[in-house]
Amino acid sequence: MRFWLLFLSLVSFFSPAVAKQPGLVFVENKGQWPDDVRFRADLPGGFLFLKTSGFHYAFYDARETARRHAAAPTTEPVLSTVRAHGVSVDFVGAGAKPQLEALHPVGTTYSYFLGNDPTRWAGAVAGYSEVVYHNLYPGIDLRVFAYYQTLKYEFVVQPGANPDQIRLAYEGADELTLADNRLRVLTSVNEFRENAPYSYVSRTAATGEGTAVEVATRWVLDGHTARFNFPNGYDKSLPLTVDPELVFVSFTGSVADNFGHTATYDAQGNTYVAGSVWGADFPITRGAFQVSFAGKTSIGIMKFSPDGSTILFSATLGGDEADLPHSIIANSKGELIIMGSTASTDFPTTVGAYQRKLTAKAGEGVSVYGAYLPYRNAADLFITRLQADGKSLTGSTLLGGSYNDGLNLYTANAAAIRNYADEFRGEVIVGPDDDIYLASTSQSPDFPVTDGSVQAGYSDGVVCRLSADLKQLRWAARISGDLADEAYSLRLASDGSLYVCGSTYSTNLGTAGALQPKLAGLNDGFIARFNEDKLLAVSYLGTPSSDMANLLDIGPGDVPHVLGLTRGIYPVSAGVYSNPRSGQFIHALSPDLSKTVFSTTFGSARDLASPTTVQGPDLAPTAFLVNTCGNIYLAGWGGIVNSKKGYNSFSSSYGLPVTLDAYQPTTNGSNFWIGVLERGAKSLLYGTFMGDVRPLINDDGDHVDGGTSRFDKNGVIYHATCSCRSNNFPATATAAAQKRGSDNCNNVAFKFDTDKLKAAFDTYEGTRKNVVKGCTPLALTFKNTSIGGRRYEWLIGGKVIATSPTSATQTFTTPGSYTVVLRAYNPLNCLLVDSTSQVVEVGAADFRISKDTTLCPDKPVALTASGGVRYGWTGSTTLVDPTSSSISVMSSASALTYQVSMTNAAGCTATKSVSVRTDDSFRPKVTAESTPDCSQPTRLSFTNQRPGAERYVWAMGNGDTLRTPLPDQFRYAQSGSYTVVVTAYKGGCSLSQKLPIIYEDLSRLPNAITANNDGKNDLFDLGLKGAKLEIYNRWGRELFRADDYANDWGKNIPHGVYFYLLTTRSGTQCKGWIEVLE
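Residue numbers (mature numbering (1 follows the signal peptide of the UniProt record, and there is no 0)): -19 to -1, 1 to 1059.
Don't read these hints as lab results, they were simulated from the structure. One should not assume that every hint holds.
[To be verified] DSS-like mimics (lysine-lysine), calculated; alpha carbons at most 30 Å apart, straight line:
#  : residue 1 : residue 2
1  : K764      : K780
2  : K314      : K372
3  : K739      : K314
4  : K739      : K780
5  : K133      : K11
6  : K78       : K11
7  : K694      : K576
8  : K694      : K11
9  : K997      : K1052
10 : K515      : K576
11 : K452      : K314
With the hints as extra help, turn the sequences into a complete structure.
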């Protein structure tokens, strides 16, 4: 697994993205802009200034700024100016002093160090996503806010206020027209439109009429003044919002181009990136005008959090002419040191600085970037120290003479190696005491040196040491030969020696005893050793062709290592990794520069047809490191910015070596390449591409606009990139900005860890995480969460149990303490191996719980657990004491599962469960059936629909008890109502059912009564209740009727024979006779 971070830079250095998508930011004016400006925001192809009295739009010809980037060398006349146009929108009749309120701070702070007047500097300025003009007109507010990359504004009219007050006067436009309810504003460089306004009144939800009702709105144009008309009126008792739609129709859609130059890191892993930006102090002028291209090119600096998710600050640095950063580094205090070149006569410097004024001659300037960026004065070096929070300059000085300093300008021989933006090679580093060292180039014979040397050729390499506060030049020395010398990179060794490398055309630079004392070809690389300003040794590094030494670092034993480029057959030592006849070399020398430790070449070697020549390098080197164990880290870019634009025609990322674990194994030919070689260049440990791999269509590919990027000693690279017209540079999900904000170019910062090694794992018991304690048998899974390992070993008790890169499993069956160790191996890392361990405690346990139980319905049962000292029962909310070892539970309609978590004295834990169910399957469900008969006794029959009991007992309600599954043809002695109770028994449980019975026995009806009032047999008593009785005489005449006969017929009835019709409650009818006797 290879840990990496990658994140895109800002939309621009003035208006960075603070969310996943770029958005406009309104930066407050704290003195960095004219006094009448309250806020500023970047727009497509221009800027918006929010003033108390109105808006001011400033646009520029973005086609021209885009054309100047990554351009081919040319002899065309350089356009020193860029067309621009300003349009003001004045609030006619508005209040003189509306209150402006900034809302929704974006979190990033912005610092501005423009010009040499500290009173106009501003540090830690806040940015916002919305600004509100309160009471711009009486009862009317104006909201200006960002909607992604779109500028929005709307007027909010309070109930009763008059929207006719709103008047917008457009001044400075070439043409202002109104058609189809769209306001069109034409300038000399672009146009923008105000589309049909969308207006609405707001209603409360209580009205039931919705929250917004649209109001028809039209633009009205009176000369240069626009206003709004509401042809259908509106309800003025409600708030009204008028929302025009602003659309920019820029020629290119560019938003504040910013080019990537240089990157570094600090001790906390924060990333710093610096580049060139345009338009930091754009003028506020109405109508068409021109601005100096160089004068609007400044330095933008950003600081990212370690994971790239937050832009901690953004700063802008520069003066009235071209300013560009070449190299940055953080000192021990977290302050950022920036070195670069400037032609500005008012470059920001601090009180007491070594040199506060530009010493270069006016009119002696040059043009760089293929002649499209003019330095209109001869350039000086600058060195600036920025406070760790970006709020202030803690030091800033110029350094130079009367001609160009800081720029590598010798191009007399077309056969020499030249890459795009090599003009800006040079480096700044800090020493143990935070003194500042730099390597660069000077054309000035009066460059301040302390070694007594004089300029002998076209240019000299210069090496300087300045005090940490930039107030003193401690020493400065030349690397001076008879033609042209350029110093690119430097490092301090542990003994205080300073090594410098670069490129030279001079024939007299080498020293006696050096490995290569004489120039070998057209131009060679060189390496020099200094003790303070005393030059100790210089060795050429080259072939009979063209060579240059771009970067260097110091390895173990103070062995200097050089990364360079060649067009020749560079020497390759025995036993090293190499790609023969390739255009990049690594050369390690003895500390005294007299011997080769090893040298090798690497690259594509695409010209296989010629075994004795090399066409040229693939890469422009950008970063180089030798770590504490001697592994070698290197990075660079290749592609069409070089190969198609007249610089290095061989430059490409095709064919460079990659390893099987490459983060990005493919390339489109214009990407970055990152590689790691084993100590002594014995093998290629890692190789990968980085960048947008889509086929190139109308873009410049991935590249750098000159400058250093850096590896830290742990192999993490911090890199600046220029990504043009592409949204496909890979980015992490947490990146502060994942897409470019400019349609031309953006500075991209990426952070990539090539060899981070950290062993880590998590333990699981099933799905439970972080289980390191349990009871036998304990089955655990160990899941690998390591970073950077290439091989793994899992050990328990010193024995390897697995080598899986993903996980290992172990079941512990014996109590004890076990140490589980994971070893992660990575040959790229100086540690080689990292290990981590976790202790697993396994205890003995005898946890028990009641067996699954079947309960009698409506009966309690005790559930018991044992073996623990702590218990926790779950499964019901009605448990009386769930922490007891025993609980009492009642039967329920459905089965329940009770769980108990137990912990014993040894700390072992277990969770067990018991199921409790209720068996009422044998509950009696009895019915009775009888068929009364007028001629014979009634018999009862019973049916049981649930016959699952083991035995039954029947209480018949008359004192009889039967022990039988079902009584057969049961008879009561007499009619009446009875309650039968049947009880079913099963497994010690009993369930009963009560069954009401109405028993009618019609076979015993009387046929004679004696109506003599002696109290014996005086009435016609049927022995029934609820029956219907009808009595007739012999002639059929009804004498008596009762629907609920009460057994009371017979009183005062003449003797004789009577006939009856009896209907019982069950519906049975009987006919008979009854004789009344005297």
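Structure-based check of each hint:
1. K764 x K780: Judged against 30 Å, a Cα distance of about 18 Å means the pair holds.
2. K314 x K372: Since the Cα atoms of K314 and K372 sit roughly 14 Å apart, the hinted pair holds (cutoff 30 Å).
3. K739 x K314: Holds: K739 and K314 sit about 27 Å apart, inside 30 Å.
4. K739 x K780: It holds: about 21 Å lies between the C-alpha atoms, which stays within 30 Å.
5. K133 x K11: With Cα atoms ~24 Å apart, K133 and K11 stay inside 30 Å; holds.
6. K78 x K11: holds (18 Å)
7. K694 x K576: Holds, at about 26 Å.
8. K694 x K11: violated (40 Å)
9. K997 x K1052: Roughly 24 Å between the alpha carbons, so the hint for K997 and K1052 holds.
10. K515 x K576: holds (21 Å)
11. K452 x K314: holds (18 Å)
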